[in-house]
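Colleague: Using the hints provided, position chain W relative to the given structure of chain D.
Sequence lines, in order, name chains D and W.
Under this note's numbering, think of the first position of the first sequence as 2, with each following residue one higher.
Under this note's numbering, think of the first position of the second sequence as -19, with each following residue one higher.
Keep in mind the hints are simulated off the structure, nothing from the lab.
Careful, some of the hints might be misleading.
Residues from chain W shown here face chain D by an in silico Cβ test under 8 angstroms; the list is partial [to be verified]:
1) 138
2) 143
3) 157
4) 158
None of the values given here were measured: they were computed from a predicted structure.
Even glycine gets a Cβ: it sits at the ideal position worked out from N, Cα and C.
Spelled out from the first residue to the last, the chains are:
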Amino acid sequence: MPLTTTLKFSTRAANWNPLVIAWAVSIVLIVVTVAAMNPHPVNRMANLTICLRVSAIIIGIGAAFALIDVMEPTFAAAPRPRRRRRWIRTGVAFVIGGTAWLVILAGAWAAFPATMTFPGPGFLAEGGMCVLTALAATAVPLRRRSDWTAGVMGCALTLTLCVATLFLTGPAWPWPWAGDPVWDTVHARWLGVLPIPIAVLLHANRDVVLT
Amino acid sequence: MNHAVRQLALFEAKLLLRSPVLWTSVAAMLSWRTFGTWRTMPVWHVETVQTATAVTLVGAGAFIATNLAALRDSRPGLAELLSTVPGGRAARSVAILVAGMVVTAVVSALACAVHLVSLLIASVPAGRFDAYEVLAGVVVAVLMAAAGVAVARWVPSLIAAPAVLVVYVWAVFQTGRNWLMPLVPIAGVSGDFSRPSGWHLVYLTALLALITVLGVVRDRRSRVTVAAVGVSLAGVVASGTATLAQPEARARVLDASQAGQVCRRLNGMEYCAYARFAGWIPIWQGVIDPIVRAIPPDRRSGLPGIVQVSAGQRSRGGAADITTGLAWGRNGGEAPLARSMAGQLAATVIGLPGGSRAFHNCDLRGQARAVVALWLLKQAGLEPGTYERTFYDVSNRPMAYRASDFGLIDYGQAELAAADRVLAARDSRERLWAHWRTLVSPETSMATAACLLRLDSLPPAENVRGTPCR
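So that you can see chain D by itself, here it is in the shape it has in the complex:
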């Protein structure tokens, strides 16, 4: 099957409901943040930053559910390798999930206090990392099971990792505010750890040897 056809069918076959719900929730969050919360520039900056991070996490988890392919066990006899199917799914989920989050990012940019610089690249690094981590966390259990349980396990793993980052302190704290002098250093580190979920995905998306 040519790539475009596989792409089309993959996109149609995936369950996008979780992503739609996560995206809707993110939109509610940003609307509430902008419309109902303290408009003082410092508060606005902090609230939008939290909103972007929370939405990156839940959109990542939502997109990860699109990796689940309940038909997977029947594909053992398919002429195409699993690796190819998995990477197409991963790519589709990353692009659609990422785009959904970019909409939130654009909203935050528009609402960001005019007196402050919007640190777009840093946020992009955070968002990319969150979405890729959720995808990787789901891709690993998907090697063993191709149903909803993999999505739940990926979700649990992602949330556990997120909670774990809250216990980091001092220079290891990964969630600085915009305008913090350590912003650039911290986000260079975010980019530095980006290969980790990609490596996990490379590992998880390999072909499964049937025994």
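Modeller: Structure of chain W alone, referenced to chain D:
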């Protein structure tokens, strides 16, 4: 509840009690809280709220567990199977609700109890114990267990529960002191601010009723269930309004227990603590007494008192008073606070009064009185140290200062070594007392001290850094 539902509830309870999600959350809550508080002395009005906040973790585990149980109905291929069993979706909702709420109530109450008991180990608890706050934590956990079913019935998607959880945590910490939130955590330990905990508990109970009914009404729309929604909604509105109408919900009111202080004169020293912290006075006395005993009797008059202050009441007490806050440690965590308290007294003894609020910013290198102050701390069994303290100026620029237990006061290795040598001598107290007046004078140098105290071959004195202390 008919027989089938009762059996189903029993079965769901067994499943829930085996749920790794629930027990992982209990283990996480207990280890986090117990390790986190192991070295601090419990202050009940803080610890009750913190325990209620932490037990949300157990609630989160129960929320995910009941949500997954209720989502069984929407799992592919199960609708056909489930259609053959007695009792519909509503019966299954009721069973999971009953099982989830009972199991969560028991498990979260046990987790709270275990944590509260751990707080009693090697401790003298202070502050006001508000049982409503702890109960509210348990009710919130039960509420989350019920919400797992309601969310599964209204939004039958696996993403719904994690999304609700993330948004819930976001809302709790974003809205701050909003008494309509199930949880109102406290950020700091600045004081005992009274909270409308009783009314908030009533509100939470009404909210629990509403969420429970919402889990059932989706599949069973009878006159009874719809009426139950109406009644519980009215209850939520009424109790929510009542909670918000409490004076404590509108303004931060310092509890009466923090208005007055209890003062006691023990061994010639005056100790003043807030009424509910008076149990700590003997502990402070244990720190101060060895220092006082090491001061020559004729120099003990006029020593400052020890006064407890809270962040909001920094002005309390005289400028010369030794101050301590609303916190103390246990299991070794008290060491820095004890050193600070003893250090403030030692600084006063050598003529650098002002307590922790004094901005000395000076260096004791080369001065004999540094040896006296360090000896005072060491002979009381405290190990003095210097460290860096950073303050921020008006334009938020960090300003680093050398600090020690005496305040913003630095000293060197030579003074420390001399204090060790004096301490090692059998007649150290007599040696110091014989020349006390000279030794505590700012004019006396280390060389004179070495001569007076018969200390030879001391390490060379370091150069003075910054302003010498006067």
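Colleague: For each hint, tell me whether it holds in the structure or not.
Modeller: How the hints compare with the structure:
1. 138: Given a least distance of 6 angstroms, the restraint on residue 138(W) holds.
2. 143: Holds: closest Cβ of chain D sits about 5 angstroms from residue 143(W), inside 8 angstroms.
3. 157: 13 angstroms, violated
4. 158: Nearest chain D Cβ about 11 angstroms off; hint violated.
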